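Asker: Here's the letter readout for the chains.
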Amino acid sequence: MSTTPDLLYSEEEEALRSAVRDLLTDRCDPAAVIARTESDTPHDLALWKTLTDGMGLAGLLVPEELDGQGATHREAAVVLEELGRAVAPVPYLTSAVVATEALLECGADDLLAQLATATSIGALAVGLHTAPGAAFATVRVENGHLHGELTGIADAAVADLLLVPADDGGLYAVDSAAVTVTPQVSFDLTRPLATVRLDGVAGRRVGDAGPAVRRALRAGAGLLASEQLGLAEWTLTETVRYLKERKQFNRPVGGFQALKHRLAGLWLETVGLRAAARNAADALATGEDADVAAAVAQAYAASVAVHAAEEALQLHAGIGMTWEHPVHLYLKRAKADSIAYGTAGAHRAALAELVDLRAP
Amino acid sequence: MTDAAELRSLTQGLLTAYPPATTDRTDFLRARFDAGLAWVHYPVGLGGLGAPRSLQAVVDAELEAAGAPDNDPRRIGIGLGMAAPTILRYGTDEQKQRFLRPLWVGEEVWCQLFSEPGAGSDLAALGTRAVREGDGDWVVNGQKVWTSSAHLARWAILIARTDPDVPKHAGITYFLCDMTDPGVEVRPLRQITGEAEFNEVFLTDVRIPDSRRLGEVGDGWRVAQTTLNNERVAIGGMRLPREGGMIGPVSKTWRERPELRTHDLHQRLLGLWVEAEVTRLTGERLRQQLVAGQPGPEGAGMKLAFARLNQQISGLEVELRGEEGLLYDDWTMRRPELVDFTGRDAGYRYLRSKGNSIEGGTSEVLLNIVAERVLGLPSEPRTDKDVAWKDLAR
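Residue numbers (UniProt numbering), protein chains in the order written: chain A, 1 to 360; chain B, 1 to 394.
To be clear, the hints were calculated from the coordinates, so they are not data collected in a lab. Every value quoted in this text rests on a predicted model; they were computed, and no experiment measured them. Hints should not be assumed to be uniformly reliable.
As the list claims (entries may be wrong) - Only pairs whose alpha carbons sit at most 30 Å apart, straight line, appear in this in silico DSBU-like list of lysine-lysine:
id, chain 1, residue 1, chain 2, residue 2
1, A, 332, A, 49
2, A, 244, B, 252
3, B, 252, B, 354
4, A, 244, A, 335
5, A, 247, B, 354
6, A, 247, A, 332
Claimed, not checked - Here are a few chain A residues that face chain B, going by a calculated C-beta distance under 10 Å:
id, residue
7, 3
8, 107
9, 136
10, 137
11, 256
12, 273
13, 300
14, 348
Don't be surprised by glycine CBs; every beta carbon is placed ideally from N, CA and C.
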């Protein structure tokens, strides 16, 4: 920790935020997202195309010489805050962050260029629940062909390119057309999971799975905190707005002190989450203190996002319990995010080693 | 506009003219004040240069490197953090000239006579009376409480009721009270730690010349807001290293005493460590916002966060110590010069930090403030709004 992290947003980052928010306001309204969840295409690939072709957002982490934007995790984090606010069903975190980081570690330049330009959507074929540094399932390599089934792969249903860890220690790039992808009924309707079955598929070994998966999951965990911040912000803002309008006992419900204190406490939690998420994004960008910063953010973020969504549901009361009201999308995403890339407990256990507060 | 290079050069000039090694401490501090290097954002002639507040760090770093004495800010925190900004904003020229220099140098300690036994969270209901004798002095009678440093203080900032016939906020006037007046009696107020960091202050026919009134008659509530807002700014926005607060001692104990560890304590310690780190980062973010000239509402929450954390961490530490947690270092009644949240042992820290959610605004009142001013939720019903102070229920 030799330098102080920059925890603010630059003017450029704020401009990026407004552009993404404007687009999502127009193109990702809650009713449409709810309707889409039960269609054959839960992902919104038209929105994805606008975010990527139109704004170049898939290439933020990729250098310019590989057709990326040469930006950093700080900008990607701002995009994720906005995507979280809208529970947008697009494969941004999985393709533009996690799969991209794995390929950056492997130095697979041609594939990086494909992901950066969104010519392909990528997915790392490691279960979404896996924490950085934890064990993960692999497929068998037999005579140069891959065999096996991997489960819980987020956004695999729309991936063109799967990055598959194998039992020889390699990470293989596999064309999704050559595998069987079966959607799983997922708790989070807006980031659905799928199983990936490989029956003797030829893959291209792009590098060692260990370091690539670790780096990818660390970036995923660190930047997930920004998505969780977006979820918490939306649920808090929407709940405050609703409670100013909703009247019972001849008063706005938001005027009752029991509720005011809960909302003030929630605001305090989101303020903390913003600092933790900015710190993780900045640390990933500079490479300094990134293990601790990502673990701190993930040890804190899940409880805030889940608490905000649970409070939003309770304080919206009856209407919050309906399928029609979007708060359930946020609750489902927040709860799934509390498992994604490692639970808070897994990240606390990592911290015990990182900051030398060891178990008995 | 003064820039960093100019401040460095002025500071070097001060150090050359008054070498710290051979200059009396008070003389050095007076010279620093007169050079405008005390608080650079204050006006010229009042210890400052009208420079951006963020440049104070430049001066402080130069002086620290040269081994110059400081004004022991912890000893004079109420003067620096609360009295000074209020005098600067509302004081007459004569008051600013008279009070700010000895306040900053530390020759005159200040205390705050605001809270009363019957006016805590509802401070504006205060009942200490100030009555004017003709066109002359004010005569003050009443009782104040929770007064840190009253036994050391030369001056006090005081709010008193000057008009009982109007609603409570309208009838208050702000004064600068001489603590050596024979009508001022300071009694130690022993607290649960065993020591008496606070005092009760009894005011009996205390005479205050009208020239020591701060702001207009009846405008004391507005003047007091400057004092109270600065108190809360002083609490947030500090720069801390990792493990810089109360989490430091308990982490150290954990590392050094493996025999005390249990799985339950481990989980709780890690949870609090994370919260302490997030709160530290929140404070750092607030500081960066202030330096960038974009103050956010985050400051309102810092005191809430610190109070809860300090209580939970110190409570965990008492438990971690097991058999030793059954002991206490010393119950002797003392009157410490400094408020010390992190000193002494875990038991003391646990008891002292109980006050963190009460002093400077209870956590319950601060939650109301966040809900109303930050989130814009409806304010509490106000049954006393149009009632004369003298007719309030008590």
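Asker: Hint by hint, say whether it matches the structure.
Answerer: Against the structure, the hints come out as follows:
no. : hint          : verdict
1   : A:332 x A:49  : holds (25 Å)
2   : A:244 x B:252 : violated (47 Å)
3   : B:252 x B:354 : holds (22 Å)
4   : A:244 x A:335 : holds (27 Å)
5   : A:247 x B:354 : violated (37 Å)
6   : A:247 x A:332 : holds (28 Å)
7   : 3             : violated (12 Å)
8   : 107           : violated (33 Å)
9   : 136           : violated (24 Å)
10  : 137           : violated (28 Å)
11  : 256           : holds (9 Å)
12  : 273           : holds (8 Å)
13  : 300           : holds (5 Å)
14  : 348           : holds (4 Å)
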